[in-house]
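Chains A and B, in that order, are what the protein sequence lines are. Start counting the first sequence at 13; every next residue gets the next number (the working numbering). Start counting the second sequence at 13; every next residue gets the next number (the working numbering).
Honestly, I wouldn't trust all of these hints.
All copies of an identical chain are treated as equivalent in the list; a pair is satisfied when it fits inside any one copy or across any two copies.
Unchecked claim - Subject to a maximum C-alpha distance of 20 Å in a straight line, what follows is the list of computed EDC-like cross-link-like pairs (lysine to aspartate or glutamate):
1. Lys483 to Glu494
2. Lys293 to Glu53
3. Lys347 to Glu180
4. Lys270 to Glu191
5. Lys495 to Asp73
6. Lys278 to Asp623
7. Lys495 to Glu546
8. Lys347 to Glu292
9. Lys29 to Glu53
10. Lys347 to Asp295
11. Lys29 to Asp139
12. Lys399 to Glu513
13. Lys347 to Glu58
14. Lys195 to Glu51
15. Lys107 to Glu150
16. Lys483 to Asp203
17. Lys551 to Glu92
18. Lys288 to Glu36
19. Lys270 to Glu51
20. Lys270 to Glu180
21. Lys29 to Glu88
22. Lys347 to Glu155
23. Lys270 to Glu20
24. Lys293 to Asp203
It should be emphasised that the hints constitute simulated quantities derived from the structure, not laboratory data.
There are 2 protein chains.
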Amino acid sequence: MSAQITLEFVSGDVDAKPRQVTAEPGELLIEVARRGGLEIEATCGERGRCRSCRVKLLAGDLPPPSIMDTVQLGHEEVQERFRLGCQTQVTGDAKILIAPPKSEIGHKLMSLGGGRPETDQASMALDSGVTKYLIEVELPTDENHQTSDEEEVLRQLPDHVSATIPAEVLRQLPAVLREQFGKVTVTTFLDEIIDLAAGDTTGHKYGMAFDIGTTSVVGALIDLNTGVELVAVGGVNPQSPYGGDLMSRIAYVQEDPKRLQTLRAKIVGALNGFIKEACEKADINPRHIHKLVVVGNTCMHHIFVGIDPTYVGLAPYAPSVRRPIVLPGQDLLLKTVPFARVCLLPIIAGFVGADTVAAALATRIYESDDYRALVDIGTNGEVVMGKRGRLMACSAPAGPALEGAQIRHGMRGALGAIEKVSIDDDVQCQVIGNTAPMGICGSGLVDGVAAMLDAGVLEESGLINVETRPKLAEKLAQRLREKDNRAEFVLSWGEESGKSEDISINQSDIRQLQLAKGAICSGVMMLQKVLDIENLQLKEVYLCGGFGNYISTRSAVRIKLLPDFPLDRVIYFGNAAGLGAKMALLSEVERERAATLAREIEHVSLATHPDFQEIFVEALKFPPTLAEDKGADVGAENHQDDEVMTVY
Amino acid sequence: MSAQITLEFVSGDVDAKPRQVTAEPGELLIEVARRGGLEIEATCGERGRCRSCRVKLLAGDLPPPSIMDTVQLGHEEVQERFRLGCQTQVTGDAKILIAPPKSEIGHKLMSLGGGRPETDQASMALDSGVTKYLIEVELPTDENHQTSDEEEVLRQLPDHVSATIPAEVLRQLPAVLREQFGKVTVTTFLDEIIDLAAGDTTGHKYGMAFDIGTTSVVGALIDLNTGVELVAVGGVNPQSPYGGDLMSRIAYVQEDPKRLQTLRAKIVGALNGFIKEACEKADINPRHIHKLVVVGNTCMHHIFVGIDPTYVGLAPYAPSVRRPIVLPGQDLLLKTVPFARVCLLPIIAGFVGADTVAAALATRIYESDDYRALVDIGTNGEVVMGKRGRLMACSAPAGPALEGAQIRHGMRGALGAIEKVSIDDDVQCQVIGNTAPMGICGSGLVDGVAAMLDAGVLEESGLINVETRPKLAEKLAQRLREKDNRAEFVLSWGEESGKSEDISINQSDIRQLQLAKGAICSGVMMLQKVLDIENLQLKEVYLCGGFGNYISTRSAVRIKLLPDFPLDRVIYFGNAAGLGAKMALLSEVERERAATLAREIEHVSLATHPDFQEIFVEALKFPPTLAEDKGADVGAENHQDDEVMTVY
């Protein structure tokens, strides 16, 4: 299909007229504009390394942002439909504003593009801290014999590079130095020599960002020379069989300190596997991965480093270390990348870890003049709320229900997972990969329960009441049934999908979800209370995390995963922790900012706050209907009496 | 036996009269003096940690110096009969000068004690760089929850201590911190945290010094709190089966780089064994060894660190690294002391290694105003010559003959080794341990050959000529014989010693010794030539190394192991490299001085010097008789035609 596409370009110059250019799908915006006689500056040579070719899609389909869009423009601009012209492919008819960076055109763009005020620092330069030097070393001779290989290498490097070569690199030195007669590439990280190789390898400079979640692990292989993301990898955290949530995993270690090594081996093995897989897919040598950024909650962080998390699980839940850690891969048993520098982002508190710092980094709420919040949903949920100069964070133990675990038909957001549900006179499910459904992932569960509430299948108390069948449409009534003494609602009939088993949501699943969403919602409400701000004072709330797919913000508010915020202020952000890790990978400025952030964000301990129980009971409820008065629902409390929740 | 001893004390005060005090053997000098009403100052509380109780033995038996004598007074003062009063036991009648440090009494002592001018820096303070802090850490509480174990530990330490705890120590932190409710001992090396332990371990601070020779390894366990040497350990270098000298050991590695790991495992295993042995003997916990100083030639150094020595064995024999290296024990595979800091002294050149630097440190020739030299005899011999501001060094490949190897009846200087030989009308042998002789060690070989030359059993050409029998005393003539077509001279009859085998020196042994002593002597002669100094311009020559026992300096000059120096200027020093290692262990000032020395000492390459061959031929000769004119011996050259020597 090569349908003709028409692009209409407008420029920031108010006197210039719009210009129409036709294009083929897949063409780069900057090329189409050039063909139309519009010169868009590309200071970096169209490599996505500067902001000079910035455009804004005023109308038409918005192509997904590349990592370089996010890197150069920042998340907010990307959200506001800004893209880099040199990175964006034409997908359909569009109206495009040629929008050079604000620093160059000042307020003119503001009025045209309607962007919110922000500083230029929001853009991120490509400074991974990894530098490669190609040098020609003079090998010792009879005349120049009182020297050493090390000294001759250092003589060829700039003065700011460290004055020694570490032992693990020295061990490679004699042979590597002579393999190509003194021609070697020296790799430094922050001016410290970390590796060297025979010949010229300056073109190969890669990094990986990892987000180690309690339930799942995701990683990305990125070219540090260009900022381009080459491969994404991920899977289940292999520690999962040793405990579905943080507390049970910590309890596993508490019983026998040797088990720390078991869990450590599991996650280290997984990372080594992902690194190998990514390198094979991208056809690169793992030796050319020079920097890794790893984020995760405090417990995952400690286990990965090899620190016993026992005391993270005991009041007052203190971590053993909070500062950023940088270690060679081999010190972390990453045998695939022994020489790479592994940077762990810092920690805020025992249950507000490096993943939360990364999410704060990615959402840039630290530079907001209005109150904003991020809600990072994983097995443990974290909330950061505040504005420039005053940020607070808390942790809410959601459990793995929102990731599809501990739900009878729950599954990860993978092929075959029901990811969206709508109900009219029957149930419609959207399945990842459009295949026969195999189970329900987190976004499907939230959507399903919201739809069940709207359809009256689920009572506001959280009860699946089979007695309501007479009030329902026929097909819905059939789906509402009692099985094994438990009420359940069938989303997908086994015979329809060709599977032997019906896929349903039962009363127990509802309770799991209620605990999960109640925990998270109470975290949000608590920070609002501590900061003394009403719902409407929050300009935006970023819903972050990997639920399998885009969670419906409407459904999230419908089930009171979040308080009753106006829907246009709730923004799905995706994996903010993972994006923050990538930003710290590509930019040392961002990585340093993470250290500052971790020091500045104030931790609010839910456990010790006197108002917590009251807030939690309120948060467990399902609201009667969206945006209506709360308080009418009194039944919920009766059903929560037997639910116990430990918070930290 | 408790014979009464009389000590006569004199003081530096010229008006004071001598005072006689009686004493028991074993009493400390300072106590005897005090009993006699003479107050000797002991600023450090008689712990050997200052110089205030310095005495000089003007007459009487000289007790052997303790390590603290050497540490505090320096080698030269010890040689000049100075001792610390608080460390020296009474052994017999003596005349003792109470001699406070020069800084306090200026020139008065000079005229009395006849000491040579030297600076006060010659004394060495006890500053190992290892510090232990006993702290009480406040464990995190609900009120103080946004902190970490690391931060709370650092809060209790002085500001000059590093701001982070390294990962390997962090891994111990959570449990150790809570074992005694926050009471922990933190160990630092140069203000960097290297270990921590529950409770108070400040009284346990130990170190080890190792000298890794090509043929043998020696080590000492020293209390860093007191400077006292607790245990000495040592044995054969287990790499020996892979090549008796440096070049053959390097050749072994050159054939297959994997063999580096074999040799490395051998020496690392030996050191782990010695550390374990020393700790068991002294009944200390290896975890309380916090610092090690390791010296050795460049090849031993590189293999120990894990660096391929291949290129050290190829012209121009460049090392891969020369600077001082400091690494945690675990990075060097020293599993017995994973947390200790292992300090390798620096290297001068490919064949002038850290052992030579240590020997220069121990002999303090760097501060001499006159020309001095040290000759360190091992499998490889090194010579350092010069004076303050101008020092030169060279390396001479002696081979292991002087250590008793590659000699038919050779053995290490252990029980049963013939260590001294004298000949009149028959042969008298002194055997280590006064047991039946089992073989000949290095000092015995030098002594034996010197005696054979004097007795006319050995011709000046180096030939054992059985035809000379008629000219010899009867018993000597019987010992001179031909066996298996080879002339030999029997030192010890098997039937006399109760052994089945006669112990003899044969023609091949003589050739091995000749090559060894020729190599070393040519090194000395070469540096004299480069520095342009005659024999008499050398104020002193220190003969260093482990030959099994004190080598006879007369015999050394007799066989021309050294040029024809006046005998009173040749001083046996013992294991200077080992002593230098101990000094660097006890004093960071000395360890820093080693780095300066390694930079300042100029390496002279024998291999590339045009005059070397001529000098070597001259050095191979046996001189006709001691202190007589040289040049009469022309026969030696004829016998050396087939000898080939590689020098570097």
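Okay, the hints, checked on the actual structure:
For a Cα distance limit of 20 Å, the shortest separation of Lys483 from Glu494 inside one copy, 17 Å, qualifies, whereas the shortest one across copies, 123 Å, does not. Neither within a single protomer nor between protomers do Lys293 and Glu53 lie at most 20 Å apart by alpha-carbon distance, with minima of 34 Å and 77 Å respectively. Proximity of Lys347 and Glu180 under a CA criterion of 20 Å is satisfied in both settings, with 13 Å inside one chain copy and 17 Å between copies. In the homo-oligomer, the alpha carbons of Lys270 and Glu191 lie at most 20 Å apart only across protomers (17 Å), although the nearest pairing inside one protomer, at 44 Å, exceeds that limit.
For the identical chains of this complex, Lys495 and Asp73 are neighbours neither inside a copy (46 Å) nor across copies (103 Å), given an alpha-carbon limit of 20 Å. In this homomeric assembly, Lys278 and Asp623 never come within 20 Å of each other (Cα to Cα): the closest approach is 39 Å inside a single copy and 65 Å across copies. In the homo-oligomer, the alpha carbons of Lys495 and Glu546 never lie at most 20 Å apart, since the shortest distance is 43 Å inside one protomer and 109 Å across protomers. In this homomeric assembly, Lys347 and Glu292 come within 20 Å of each other (Cα to Cα) only inside a single copy, at 16 Å, whereas the closest approach across copies is 35 Å.
Only within a single protomer do Lys29 and Glu53 lie at most 20 Å apart by alpha-carbon distance; the minimum there is 19 Å, versus 99 Å between protomers. For the identical chains of this complex, Lys347 and Asp295 are intra-copy neighbours only, at 18 Å inside a copy versus 38 Å across copies, given an alpha-carbon limit of 20 Å. Taking the closest pair of Cα atoms, Lys29 and Asp139 never come within 20 Å of each other, the shortest separation being 38 Å inside a single copy and 80 Å across copies. Within a single copy, Lys399 and Glu513 get their C-alpha atoms no closer than 49 Å, and across copies no closer than 93 Å, so neither meets the 20 Å cut-off.
In this assembly of identical chains, Lys347 and Glu58 lie within 20 Å of each other by CA distance neither inside one copy nor across copies; the values are 36 Å within and 53 Å between. In this assembly of identical chains, Lys195 and Glu51 lie within 20 Å of each other by CA distance neither inside one copy nor across copies; the values are 42 Å within and 69 Å between. In this assembly of identical chains, the alpha carbons of Lys107 and Glu150 never lie at most 20 Å apart, being 58 Å within a copy and 63 Å across copies at closest. Taking identical chains as interchangeable, the C-alpha atoms of Lys483 and Asp203 are never at most 20 Å apart, the minima being 72 Å within one chain and 77 Å between chains.
For a Cα distance limit of 20 Å, the shortest separation of Lys551 from Glu92 inside one copy, 15 Å, qualifies, whereas the shortest one across copies, 86 Å, does not. Within a single copy, Lys288 and Glu36 get their C-alpha atoms no closer than 37 Å, and across copies no closer than 76 Å, so neither meets the 20 Å cut-off. Proximity of Lys270 to Glu51 under the C-alpha cut-off of 20 Å is found in neither arrangement, the shortest distances being 64 Å within a copy and 60 Å between copies. Taking the shortest alpha-carbon separations for Lys270 and Glu180, only the inter-copy value of 16 Å comes in at or below 20 Å, while the best intra-copy value is 28 Å.
Proximity of Lys29 to Glu88 under the C-alpha cut-off of 20 Å is found in neither arrangement, the shortest distances being 28 Å within a copy and 94 Å between copies. Proximity of Lys347 and Glu155 under a CA criterion of 20 Å is satisfied in neither setting, with 41 Å inside one chain copy and 41 Å between copies. For the identical chains of this complex, Lys270 and Glu20 are neighbours neither inside a copy (65 Å) nor across copies (66 Å), given an alpha-carbon limit of 20 Å. Taking the shortest alpha-carbon separations for Lys293 and Asp203, neither the intra-copy value of 30 Å nor the inter-copy value of 46 Å comes in at or below 20 Å.
The structure fails hints 2, 5, 6, 7, 11, 12, 13, 14, 15, 16, 18, 19, 21, 22, 23 and 24 (numbered hints given earlier, in ascending order).
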